[in-house]
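**Q** Work the whole structure out from these sequences, hints included.
These protein sequence lines are chains L and B, in that order.
Mapping of the first sequence onto full-length UniProt numbering: residues 1 to 316, in sequence order.
Mapping of the second sequence onto full-length UniProt numbering: residues 1 to 296, in sequence order.
Since the hints were made in silico from the structure, they are not lab data.
Predicted model, so just to flag it, every value in this text is computed and none were measured.
Yeah, the Cβ is synthetic: ideal placement off N, Cα and C, and Gly gets one too.
Among the hints, erroneous ones may be present.
To be verified - Some, not all, of what chain L presents toward chain B, calculated at C-beta under 10 Å:
# : residue
1 : T47
2 : Y82
3 : V159
4 : V259
To be verified - If you anchor each label on the Cβ, the simulated ranges turn out as follows:
#  : chain 1 : residue 1 : chain 2 : residue 2 : range
5  : L       : G128      : B       : S272      : 25 to 33 Å
6  : L       : V85       : B       : G202      : 52 to 60 Å
7  : B       : V44       : L       : G127      : 30 to 38 Å
8  : L       : Q213      : B       : G262      : 28 to 36 Å
9  : B       : F205      : L       : G73       : 45 to 53 Å
10 : B       : L66       : L       : S95       : 49 to 57 Å
11 : B       : A82       : L       : I98       : 34 to 42 Å
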Amino acid sequence: MSFGAYLARRTGGLLLVLLVTSFIVFGLLYLAPGSPLAFILGPRGGTTEQIAAVTAQYHLNDPFFVRYVAWLGDLLRGDLGYSIVYRQDVSALISGRIGTTLALVAMAALLIAVVGIAAGTFAALRGGWSDQLTSTLAAIGLSTPSFVIGVALISVFAVGLGWFPTFGSGGGGMDTLVHLALPAVALSVASAAYLARITRASVLEERGREHVQTATVRGLAPGYIVRHHVLRNSLVPIVTVLGLTIATLIAGAVVVENVFALDGLGSLLVRAILQRDFAVVQAVILVLVVAFVLVNAVVDVLYTFIDPRIVLGSRK
Amino acid sequence: MTTPSTTSLAVARAVGSRRTAGLLRTTGGRLGVIGCIAAGLLLVIALAAAFAPVVAPYDPDFPDLLASLSGPTIAHPLGTDALGRDILSRLIWGARITLAGPGLVILIATVVGTLLALLAAWRGGRIDTAISWLLDVLFAVPGIVFGLIAVAIWGPSLITVVCGLAIAYVPYVARVVRGAALRERNMPYVAAAWLQGQSGPGITFTQILPNVQPIVVAQAVSSLGFAVIDLAAVSFLGLGVQPPTADLGLMVKSGFDSVLRGQPTEAIAAGSLIVLIVWCVTVIGDRLTSSARSMR
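**A** Below you can see the structure in the form of structure tokens.
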């Protein structure tokens, strides 16, 4: 299969999944108890204008599928609806906050890649006590929820030592970096532990291969063998896990942002749920799901660049 | 046919007791030393939680406002929280929900996921394609988001979150079990049973299910650890278990306010207990998974 055909098929599948999930997110409103109008307006009731506005926004006077198509059309034009609580367009709310979440996820992903791969390789190559220690630490890291780490970090480094701010996402530039340091660590510990584990297993397996033995026998430098023969070949499982991890980080950020009171998408979502601001809930969930699906798709395409032996589309 | 004599009863009993001993030995062998330690710890925590009314030294909801945030004393070994409630007692009561909630999530997900997987493996063809596609769509939504969606619709409560997370965990169980069941389905013994005239559901439940059972159990236990973390996280966000009920996730949250005032005991105690529970469950799950794989 040519690359173009593969990409077309992959995109088609992707669009189908996105269509289904968008339908589910749209349908959520009708799973809720009571009429959609009463659910959206909630205990606030609503003036005649508000009722008219909500009816128009959700096309409540149209049949169900017409409503869905109209809603989807609005989405594609970038109209994510209107927040009753913030009295603002949802797209404006989201674009104001998505930067924080992206910065947080990017920092965490970088930490995970560096620490996870380094620790896993170190454990696999050194063996013995270093291996035991790394594996034990990884097991504990894997069992620790991000919010527990977040609270612990705040307790030690923000309240105790005063090195970092307790909450907020800072005023941009270096300040944001300092504000996001603890949240990024909290978000990355479990995934870094998992990646370390995968890296260790993968490197160990690759190290026992015959081509590595051959390289050793031929007298190549150990560092060169590790970099070019062992690590290069163990990259496929590592990148798989790293990609899946980054996808889950987007959801994990929901929890961490609330611990550190960052003004990202996650804290927006939780506040919207508590205040029954349904347009915001729908939009943020849609953004999270789309990001999750897209990252997974990108990882699938990346395989073929890392390992040319993988035939396009053969990997499920 | 003869009626069972006393000797045959004795034999049966002996066989029974040998079977129990054998079961203990094989379980021990499967878990290894660290797995047995984890299982023992988990058993102690589960027993303490189950008998919380007897074990807990105080009423978990009794506020002793004069002794609030007291720090560890002889009367309160782990100190008291901001409302003067005994932290140790709240930990013991909190472990109940922290174990039972995720347990229910995994129970529902395992039953539904296994049934879907067996159906897909047995019928194959279009039904398999449809089920696999459904699982792919479910995979497209991160686990905790299902819990949040459920809360957004039906309001914050433990039951809502449990239902939402149960759906999220179905594909994790179903995908693994489907793979295993597909392998079993092509085994000669299944063909033999089919030739003997056993029905499809009969073969599925009497032949295939017992053979994939170790994988089902291993996958369920491994998922349980993640379910504990997810449920505790949702409660921490204030969207799951509601105060004043004692729950470990909620205790980290209420302890968080005390952390900012320099009193970290409650948050540390509740956080550590969550980590301990998840560690035990994960270790047991890992051991069961590797032994289920090696049995193949």
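**Q** Against this structure, judge whether each hint is valid.
**A** Hints and how they fare:
The interface hint given for L:T47 is broken, as the beta carbon of that residue sits about 24 Å from the closest beta carbon of chain B, more than 10 Å. For L:Y82, the suggested interface contact is broken, since its CB lies about 17 Å from the closest CB of chain B, more than 10 Å. With 10 Å as the threshold, the beta carbon of L:V159 comes within range of chain B, its nearest partner Cβ sitting at about 6 Å, so the hint holds. The criterion of a C-beta within 10 Å of any C-beta in chain B is met by L:V259, whose closest approach is roughly 8 Å, and the hint holds.
L:G128 and B:S272 have their C-beta atoms about 29 Å apart, which keeps the hinted 25 to 33 Å range intact. Taken as a hint, the range 52 to 60 Å holds for the pair L:V85 and B:G202, whose Cβ atoms sit roughly 56 Å apart. Checked against the given bound of 30 to 38 Å, the beta carbons of B:V44 and L:G127, roughly 34 Å apart, stay inside it. The hint said 28 to 36 Å for the Cβ distance between L:Q213 and B:G262, and at roughly 58 Å that hint is violated.
Between B:F205 and L:G73 the C-beta distance comes to about 48 Å, which sits within the given range of 45 to 53 Å. Our hint of 49 to 57 Å for B:L66 and L:S95 holds, since their Cβ atoms are close to 51 Å apart. Between B:A82 and L:I98, the C-beta spacing of about 35 Å keeps the proposed range 34 to 42 Å intact.
Of the numbered hints stated above, those contradicted by the structure are hints 1, 2 and 8, listed in ascending order.
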